[in-house]
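Residue numbers (our numbering), protein chains in the order written: chain A, 1 to 233; chain B, 1 to 380; chain C, 1 to 380; chain D, 1 to 225; chain E, 1 to 225.
There could be a bad hint or two in this list.
As the list claims (entries may be wrong) - Covered stretches of chain E (chain A as the covering partner; in silico rule of three or more C-beta atoms under 8 Å from a C-beta of chain A): (1) 54-65; (2) 82-91; (3) 158-170; (4) 180-193.
Unchecked claim - Among chain B residues calculated to face chain C with C-beta under 7 Å, some are: (5) S29; (6) S54; (7) Q104; (8) R149; (9) E153; (10) G157; (11) E158; (12) L184; (13) D185; (14) H212.
Stated by the list, open to error - Straight-line Cα separation of at most 20 Å, SDA-like style, residue types lysine to any residue; simulated pairs: (15) A/K23 to A/T214; (16) A/K201 to D/T86; (17) A/K107 to E/W74.
Since the hints were derived computationally from the structure, they do not count as laboratory data. Cβ atoms here follow ideal geometry from the backbone N, Cα and C, with glycine treated the same way.
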Amino acid sequence: LTVAAAADLNYALKELAAQYQKKTGTAVTLSFGSSGNLFSQIQNGAPYDLFFSADEDYPKRLAAAGLVEGGLPRTYAVGHLVLWVRNGVSVGRSHQVVDILLQPSIKRIAIANPQTAPYGRAAMSALEHLGLKDKLASKLVFGENVSQAAQFAQSGNAQAGLIPLSLALAPSMKDAGSYWELPADSYPELRQGVVIISASKHKKAAQAFLDYVTSAEGSAVLRQYGFRVPDGR
Amino acid sequence: MGIVGLEMNSLPEAGRDGLRVEVRKTVSSGPESSFALDVHFLAPAGFTILFGASGAGKTTLLDCIAGLQVPGQGEIAIGGTTLFNAASGVNVLPNRRAVGYLMQSLALFPHMTVRQNVEYGLDALNGDERKAHSREIMESFNILPLAERRPAETSGGERQRIALARALVTRPRVLLLDEPLTALDAITKARIVDDLRAWNRKHQIPVLYVTHQREEVFALGENVIVMDAGRVVAQGSPHDALGRPTSESVAQLAGFENIFACTIAARHPDQGTMTCRVAGCELELEVPLTRLDESRPLRIGIRAGDILVASSVPQGLSARNVLPGAITSLQQHDAKVIAKVDCGAEFEVHITPGARRSLQLEPGAKVWLVIKTYSCQVLQ
Amino acid sequence: MGIVGLEMNSLPEAGRDGLRVEVRKTVSSGPESSFALDVHFLAPAGFTILFGASGAGKTTLLDCIAGLQVPGQGEIAIGGTTLFNAASGVNVLPNRRAVGYLMQSLALFPHMTVRQNVEYGLDALNGDERKAHSREIMESFNILPLAERRPAETSGGERQRIALARALVTRPRVLLLDEPLTALDAITKARIVDDLRAWNRKHQIPVLYVTHQREEVFALGENVIVMDAGRVVAQGSPHDALGRPTSESVAQLAGFENIFACTIAARHPDQGTMTCRVAGCELELEVPLTRLDESRPLRIGIRAGDILVASSVPQGLSARNVLPGAITSLQQHDAKVIAKVDCGAEFEVHITPGARRSLQLEPGAKVWLVIKTYSCQVLQ
Amino acid sequence: MILPALTLTLRLAVVVSALLLVIGLPLAYWLAFSRWRWKFLCEAIVSLPIVLPPTVLGFYVLVAIGPLSPFGRWYQALTGHGLAFTFEGLVVGSVLYSLPFAVQPMAASFAALDRKLLDASALLGASRWRTFWRIVLPLGLPGVLTGIVLSFAHTLGEFGVVLMIGGNIPGATQTVSILIYDQVQALDYVTANRTALLLLSFCFVLLAILYGLRRRSAWGLWDWK
Amino acid sequence: MILPALTLTLRLAVVVSALLLVIGLPLAYWLAFSRWRWKFLCEAIVSLPIVLPPTVLGFYVLVAIGPLSPFGRWYQALTGHGLAFTFEGLVVGSVLYSLPFAVQPMAASFAALDRKLLDASALLGASRWRTFWRIVLPLGLPGVLTGIVLSFAHTLGEFGVVLMIGGNIPGATQTVSILIYDQVQALDYVTANRTALLLLSFCFVLLAILYGLRRRSAWGLWDWK
Ligand SMILES: Nc1ncnc2c1ncn2[C@@H]1O[C@H](COP(=O)(O)OP(=O)(O)OP(=O)(O)O)[C@@H](O)[C@H]1O
Ligand SMILES: Nc1ncnc2c1ncn2[C@@H]1O[C@H](COP(=O)(O)OP(=O)(O)OP(=O)(O)O)[C@@H](O)[C@H]1O
Ligand SMILES: [Mg+2]
Ligand SMILES: [Mg+2]
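Given these sequences and hints, build the entire structure.
Laid out in structure tokens, this is it:
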């Protein structure tokens, strides 16, 4: 079973795959990449069975192109956006996200590229919602994806980063700084969709793994790695 | 001793026909400097010496025959095989011409050993035969001890012998040798000249041999082509081409130490001679009769070695020219004394040290120069 | 005409002292082939000819003097300046040695024009002076018409003259010329030899001049060093070094056409001669007396040109050696007749065509060879 | 995880270098010796692959060999499977992308050869083919070696093209460079450092042996200078 | 959007090529002519930057120039701002990554020169410096040109290092290659194709002019062969 997954699922899916294999004996091969690349590859016949995207857009487009099994993508998780600041950078006393972002010690803020990455778009709309877009525009640097944005912050070259909670919980990030969740109403919900590829030869197995991920057991793991599980289920 | 290794019965028999060359070509580098080659000759099997001043076009000619440069016009053929024909567009590739060429720049392969260089042209043979042949020729040219060295580890003369061995060991239909022996001492040179003659007797192919040295011309030459400024100015046996030169450039190349501008003063058809006056002085010379126009200036060439010196007026001699003069300088070079004698015009005369001693010649001494009529060459 | 362009007052005066060389060096390529150089000499200002067979080590020696190869031991100095000393570790870089070196391989810069090549060593001068100097020397060497060409567009002899001009135009303290005139015709060579002599008179620096050709030795040499197998085997004036050779290799180089292995039969101290028996036949020769041990074999060298031929028994001559024999062959080379005469041992004799005619010499004719005692050289 | 990636990477680099040798040598020879007047346009074209960002080049290659293109369909019909996401696909992409690094140094060193030596070879009866093997190649070896080292190392390190065409499938198309990239992306620096160090030391040893051998002229091809 | 990216890219490529010329020539000279016994280790090291994936190399450079490293702190203290996300930072990363492409062809062509010519130059009194400028450089020009073309083109196309160090700031650190990459990522193929075509044609014209000039030997440096 070959699973294509967005980079922010790295830790969560690895754990899920391990548990699943222990439980059922089915080996799951994980192939991580940016959702955009994975999308292009699936369009051009990549041999994936499942595609865990970081948004709902790419799966929808695949569905529109008739490349997926069943009509619409399933939402398996919802992402959180957090403000991550490196240890040692002065954040002031207020601990309000807006105040921290306006601290003079914060000269660079890393976000993912809003043109291509869902978390980048979310970060931009959050900044706009908080009324900081114009003030901070000149401080923004853009990573190719959320990982790179996290690296900018983690290496100290950017003092702050707007990154997914899932990355802020990664071991190397957890120890190096602290994070503050952004208000959930400041950006559109980051629903992450999953589809089964119609060209797959293992559709049953794919469905089984998908069911496992969305089961209560799977959801617990996802929650543990910083995702919310969508409402209504 | 010869080069026995060259009888390769396994290779096809080399052609026994002559080389026919008719080449017109202009090389130029920029509008103001260009050189035109325009030659036409036939070289039979055997040595043909290409003799000519530096820059006369000898290398350019050989390059054309080898196919490294393409003539503008003309034809080149060995026996019945056309190598090049401008009119019909034939231009055989160099590697199919079966031409052995020792280039002036040698062009040894720097990354191969001497043996590998020599054996390069022998890949049609099997390993043992190749070894045997290359060994024999290297022995003959005294380069066997260097066999496992690279060209950079040999001396200039050794390199020349390696290149010569490399060119000879294949079985060419024509051999082109561009100044092959310049970097060799007299003994080595004499031995290799002997080898070349033996080789030539055996193979009977046309060999074009470029040299600047008179000795090599006479040692090897059956046939000489004298070139000047891109043209053939004389051709024939060494004696004909160099001994009776009819143009001044050949005369200089052939070593006429005395050349005088003259005008014809009188003709004596009955005696087969004419009297010429040397320009700029009162001197008159009796020279062989020619058909030249009276009014045209001509040049007379006399070899320094053909002039006799006498310390008193010579009596009862058949020679017509007896010129009184005074010795201006004497220089001994090797076993030869070079005397300059002023008889109105200055003559260079070569005599032996013995003659100098017995005649007690000293600068300032009064002498008579005796010049046979037939020692005076009329140059056009 | 000479090379007037070379008096550059703007450059420091070149040293007028001699070159002292003491070099030991071994070059090898692999265990079984190596060459050892071991020379020691002093070259005063003026021409010193390096004469020696191909592979004698001449180029290696010049490379050491120029600093391109590093000797194992020894010292090299010009006047008071040490260029190299193995003991004290001095090793001046080539570009600080002020050595002009015409390499055997020429090493012209292929990407520069002839003018740029010649001017390369003149960057201390300003543009106009540089132009003037290079122009003058190029004119003198007859390469001015080629000034704007690249070396690949010139002939072999032209390239040699370009390299010579390039080496001469700087103001070196020592000049090293490795076979500079090999690719030139006789006339061009004579003119350049004249120029070199004029240049030398003006500059008075040591010039080491490598050549294989006897004529050049006698034309230029004040001092000759004869090398063989990496060692100096003779040194002195051309006449001393080549005319009275004391080793067989020099004798061969110097052109002793007749060399015989002999044993001493009798000594005549009163007459200053001794009688030697030629090995393998009954022939006896009177030669100058030496201190050599009776029992040791020795070699006698006789120049072919020093032997007289008589067609009847010569009478009343001072010469002690009169050997009857028969002509086995006659060959005319140029103005020289080479006769082989069998007198028990075979002698090579050179005579003039005139002598041949007047004596009516033909193969088979009975003749007497007349050899002066002092024409016989005893070689160790 | 690292072992299959390493073997895959090595296999890829070796195959790509070998192919580049096969394609690059004749191309370089042609570029060096042809007298065609429009040759300079070809020289320019040969350099173009590296002008594009690797992922973009990879994307175009992906489209060109994917099932949407005629070539992709033809290949699929022929072999029963697509070229993308297979080892062969990686090879195609890498060869294309590393071509300039291989061809250009080779062509430069061929063009610098002394033509007289080629003439001499021809005059001794050697065909172009023989002249190439015995003269051009050995004497141009420094450039050929440079081209091979550059393209080998570049294939080891490049991941943009490979990621796009191969799709990061462990064991099938995941090379070491993608693995390191993945690990860095996952912010797993400890593992990434270890893998990077491994790759670097491996290459260093390989190159040091190569250059060391060349220096010791164990090939006998190097010491004529 | 494309115009500032294009000018930035060109500026970067020109600056990087120029710097590589300055750094690469002496390094190549040393690699070609030094007789140091451990030289071969340096030769191996010079090739190493391209063995790492560009983003990973970029990440290490990012860490090295960031405030956590002594160098980063020193630079910050000196200039008042960090090296990351600036043009200078891009230059540092690109120079490092393109170094092998510049140095290796240069070194190969220097090493192939006829030593006799260098000797002749020294004997005419020329210093090493003068010999380098008048003999080594003109005769090694094919290799130098190859090195410069490769590193120039590679700097145009490379985006991994640049993206990592530069942070994709439009007008400041967003190069054309990042722009194309972004457009492909955004699935905006029409724009991406247009931009890629623009970059390709631009480079093609540039290279064609360069090679055409060389062929016509307008420099007078090429036609001695
Ligand atoms: N590209 C060129 N442009 C102009 N002239 C040239 C070119 N190449 C050669 N020449 C001239 O052609 C003439 C003939 O050259 P070639 O090499 O055939 O002479 P050569 O007889 O072999 O002389 P040498 O005895 O010096 O070797 C020379 O004067 C040379 O300068
Ligand atoms: N690397 C080497 N290994 C072994 N022998 C060498 C090496 N280099 C040169 N030799 C030998 O050293 C000897 C002297 O060479 P050198 O070039 O000094 O001779 P030369 O006197 O200049 O001869 P020529 O007149 O032929 O130029 C030659 O016999 C040559 O073969
Ligand atoms: Mg010539
Ligand atoms: Mg020599």
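Going down the list of hints, with the structure as the test:
no. : hint            : verdict
1   : 54-65           : holds (count 5)
2   : 82-91           : holds (count 3)
3   : 158-170         : holds (count 5)
4   : 180-193         : holds (count 6)
5   : S29             : 5 Å, holds
6   : S54             : 3 Å, holds
7   : Q104            : 4 Å, holds
8   : R149            : 5 Å, holds
9   : E153            : 5 Å, holds
10  : G157            : 3 Å, holds
11  : E158            : 6 Å, holds
12  : L184            : 5 Å, holds
13  : D185            : 4 Å, holds
14  : H212            : 4 Å, holds
15  : A/K23 to A/T214 : 15 Å, holds
16  : A/K201 to D/T86 : 17 Å, holds
17  : A/K107 to E/W74 : 18 Å, holds
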